[in-house]
Each structure stands twice: as C-alpha cells, then as structure tokens.
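Enquirer: Here is how the chains run, residue by residue.
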Amino acid sequence: MSAPVLEITGVTKSFGDRPVLDGIDLAVDEHQAVALIGASGSGKSTLLRCIDLLVEIDDGDIFLDGEVITDPSVDPVAVRRRLGFVFQAFNLFPHMTALENVVLGAVRAQKVGRPEAGERGRDLLQRFGLAGREDDRPDQLSGGQQQRVALARAFAGRPRALLLDEVTSALDPELVGEVLEVVRDLKQEGVTMIIATHEMSFAREVADTVAFLDQGRIVERDTPDRVLDDPQQPETRQFLRRLLEAGRV
Amino acid sequence: MVIGGLAALIFTSTGWPDVKETFFSAQAFRTSFPDILDGFWLDVKMFLAVEVIVLILGLVIALIRTSRLPALFPIRLLAAVYCDLFRGVPVILLVYLFGFGIPALQLAGVPTDPIILACFALSLAYSAYVAEVYRAGIASVHQAQTDAALATGLTPLQALRFVVLPQAIRRVRPPLLNDFISLQKDVALVSVLGIQEAFRIAQIDSQSTFNYTPLIAAALLYLAVTIPMARVLDHITARGEVNA
Ligand SMILES: Nc1ncnc2c1ncn2[C@@H]1O[C@H](COP(=O)(O)OP(=O)(O)OP(=O)(O)O)[C@@H](O)[C@H]1O
Ligand SMILES: [Mg+2]
Chain A
1 MSAPVLEITG
11 VTKSFGDRPV
21 LDGIDLAVDE
31 HQAVALIGAS
41 GSGKSTLLRC
51 IDLLVEIDDG
61 DIFLDGEVIT
71 DPSVDPVAVR
81 RRLGFVFQAF
91 NLFPHMTALE
101 NVVLGAVRAQ
111 KVGRPEAGER
121 GRDLLQRFGL
131 AGREDDRPDQ
141 LSGGQQQRVA
151 LARAFAGRPR
161 ALLLDEVTSA
171 LDPELVGEVL
181 EVVRDLKQEG
191 VTMIIATHEM
201 SFAREVADTV
211 AFLDQGRIVE
221 RDTPDRVLDD
231 PQQPETRQFL
241 RRLLEAGRV
Chain B
1 MVIGGLAALI
11 FTSTGWPDVK
21 ETFFSAQAFR
31 TSFPDILDGF
41 WLDVKMFLAV
51 EVIVLILGLV
61 IALIRTSRLP
71 ALFPIRLLAA
81 VYCDLFRGVP
91 VILLVYLFGF
101 GIPALQLAGV
111 PTDPIILACF
121 ALSLAYSAYV
131 AEVYRAGIAS
141 VHQAQTDAAL
151 ATGLTPLQAL
161 RFVVLPQAIR
171 RVRPPLLNDF
181 ISLQKDVALV
191 SVLGIQEAFR
201 IAQIDSQSTF
211 NYTPLIAAAL
221 LYLAVTIPMA
231 RVLDHITARG
241 EVNA
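Listed in order, the protein sequences are those of chains A and B. Going by this note's numbering, the first sequence runs without a break in its numbering and finishes at 249. Going by this note's numbering, the second sequence runs without a break in its numbering and finishes at 244.
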C-alpha cells in the first residue's frame, strides 16, 4: 500500500505558553476524507493551518506523499502549491473578479498561460454553479457564491489534498446546502481532504473517518457511525450531548 | 449669505478703491502675468519630478518599515529615524538647509544647482509623509488576505505585489492626493533659495511696482492646479464610499 497523502506525527503547537496542539497523530489516505470535529478552540483551524505551513509547528512532523514538509530546508511555497485551503471567512481577494481569484494561483504560481488558465477557471466556476458570475467581484456575490469561488480557487491547482476550515459556518443556513453540494462533488471525484466542520450530518455523509479533537488532542478516531452513534470516550460523549442539546445534530 | 455679507462689507469700505488698485489692477496683471506663468512652469516641473520620486521612495520606505524580515532590522530602524526626522522639521527649514548647507560643504560631485537641491529637500520631506500614508494602508489590509495569497501558492513577495499592495494603495488614494495638493503649494518654498518660480517672480514684481496684483496672479495659477486636484479627490473619496 502506498504512503498516506498526509501524515501527521506527534505535532505540537503552543501560542505563548498555551498549548493548542498537544501531540497530534493523523493520517489521510488517498481519496479519503477526514472530518475534524471538536468544540470551539479545540485546535481544528490551527491544525489545518499547520499543515498548510501558515503556522509553524513546535514539534513533530508532517508528511505530504511520504516527504517531510515541516523541515526548515523545505520551501513552504512549493508545499502550499500542492495543497488547497478554504477559509471559514472565504478570504477572497476583493479587488479581483471571481475568475481572477480562481486563476491567480495558476498564472502567478504555476505559470500557466492566461488563456489556458482562464479557460480552466471558467470551466471550474461553471461546474460549481457560477456560470455567468465570472466577472463579478466578491462583494457582488452572496456568501454561498463567494465560498464556492473560494473552493474553485483552492481546487484550481489540482491539489493533492484540500483543507477545508468550517467552510459553511459563516453562511446563512439557506446557503449551506449549495456549498456542501460542491464539497460532496469533489469527494465523489476522489479528492483527498480534511474537513473541519460543525455539521455532524455532513461529516457522517461525506467523511470516511471522523476525528474528534479535544484540547489539542485527538481523543477518538473512527468511522462516522461509530464516533457519532457510539462514542467510546467520555469527552466525545459530552461534546455530542452538548450539540444535541443545542439542537445542532 | 455670510460670503455675500462679507463681500458687501469689503466693497463698500472706504479703503476698497485703494485695495482694488493695489491688488486687482488689470494693468499690473497684464504686464506681470507672462513672467509669472513662465515661473509657474518651473513650479509644475519641480512638482512633477518630486511627485514621481515621492511616490516611489515613499513606497520603498513603507515596505522596509512593514517588512518583518529580521535581516532588515538595521535598515528598518534607519527608515523609522528618517521618517521621524523629516516629518518633524518644517519643510522650509529643510529647503534652507539643503539649498545653502550642501553647496557650503563643497563636496566633489554633489550638485550645487539650487533647483536640484530644493527638489531633493522636498522629495525627502514628502517621502517621509507619504511613507506613513502607505504604511497605514498596508497595515489596514487584513492578515487573512496574506494567508489566502500564500495558500493560493504565491510567494510572500507575490502576495505583497498582487494582493496586499493593490488593496492598500486603493485605500490610501485620498490621503495621497491630499499630500500632493500640499506639495503643489509647498513648491513655492523653494523661492527662499532665490529660484525664479512663480511666487518669487510675483514677489519681485510687486516690490518693484508697489502693487500686489502679481501675487494675486500667482495665487490664481496655484488654484488652477489645486482646485481640479481637489475635485478629483472628492470624486475618488465618493466612489470609495460607494464601494465600501
Ligand atoms: N495566532 C494565534 N495567536 C494566539 N492564539 C491563537 C492563535 N490562533 C489560535 N489561537 C488560540 O488557539 C486555540 C485554538 O484555536 P483554533 O482556531 O485552532 O480553534 P478551532 O477549533 O478552530 O475553533 P473554532 O471552532 O472556534 O474555529 C484558541 O484558544 C485560540 O484562541
Ligand atoms: Mg476554527
């Protein structure tokens, strides 16, 4: 069997003297989706940002296709070009059109010619239900449309893995579906991904594995049905009970 | 109303006929205007040269001051000291110091032309102001934009060039233009070095004829440039508010 696309071993990270990641081990095989669940502040975003080398880890290693990427000798730019990241708050470039947002990486990072990049960008926007919106700026788009542009931007470089950080939690409820539809579509295509999410039903549907994060540690990791229906750890049970009480399952 | 009242007060005052003759003489205007206009072209040329230098030098200094590279620390410190010094000294004093001080040093290869030295002084003073304007603009672009640019595969320099700077510069266009209106007026300060620009020529004319009309002529020329700039500024500011 080939190496996992992503492998995280013993990763720790503190901000000041506050430990945020406390020895994370996690592997994601090709075509697999791992859902990261856990309370606010448990370290989901930080873990994803560490993988994309936006945050420097203190200890441990992260491997992409079997190669270590957290070594100081590795060029972080080259690593990020092999990964895609979607932010909770979209973070589109407001001074560019939807299409320009999507092709910026191809044109500037991958050095693809503008015509070719444009054509691919258009195809991708169309596929994500945004035909006709190519020339709109982010502030002319709804939150759901913006997040789909952000997904297209992250996927445009055909990354080895997509890192999705609560891509629906900044959206009005009626816009969540259209964004999840795109993620579902990517999963069906076999895209490897890590999905930090508060949407348990979505985690159950799309993920092959659910990892429950609590205070910077992965407390429980198994198939969605086992983690969500029959949690073994008290922390997981408590987290799920709280969600149930808040009416969020 | 207030303006109308003031105008009525002025035009009916006993001194008005004299003032009219010494400040608004059509005859004096006609004879002095061509020379003043000539001098004003020098103002415009100096303004344009200084503006180009300031736009570039100000940006370079702002980039140095906002960079976080540890290797740049000494230069960063230098840039901070420069900004403090040149923003803290009156422009007229800098023009004096450069215009009279540098030639006095008698350094080989250093220009002694007062026009060049004056432009040098204005460029350094205004670059310090404009660097701070740029710096505020760069700081106003959220870190999330840089994160997104890096995540898209851009190098840190590309992130600055294609994502942060375009947004920063768009935001600071109004204060930048404001500084350039000030600069257009401050160019007249070079007259203290005896440079024959519009204000200097008007001053000499008025002193030799005991008539102040040449000064009014010069003022009109400055207004002919600064008022359109102010309207452009209004336009940009209004558009910025619509976009925001
Ligand atoms: N840049 C930073 N500097 C200092 N502390 C930080 C920083 N980023 C995150 N933290 C802290 O790290 C902890 C974990 O944050 P993180 O954003 O990873 O949590 P999360 O699981 O994504 O939460 P949420 O569900 O609210 O998004 C929090 O206590 C947060 O305050
Ligand atoms: Mg988060």
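Keep in mind the hints are simulated off the structure, nothing from the lab. Every value quoted in this text rests on a predicted model; they were computed, and no experiment measured them. Among these hints, one or two may not hold up.
[Said to hold, decoys possible] Chain A is faced by these chain B residues, among others (derived, beta-carbon under 7 angstroms):
#1 17
#2 19
#3 52
#4 144
#5 151
#6 155
#7 158
#8 207
Just so you know, even glycine gets a beta-carbon here, dropped at the ideal spot from N, CA and C.
Enquirer: Taking the hints in turn, state whether each one holds.
Expert: Results of checking the hints against the structure:
no.	hint	verdict
1	17	violated (59 angstroms)
2	19	violated (53 angstroms)
3	52	violated (24 angstroms)
4	144	holds (5 angstroms)
5	151	holds (4 angstroms)
6	155	holds (5 angstroms)
7	158	holds (5 angstroms)
8	207	violated (53 angstroms)
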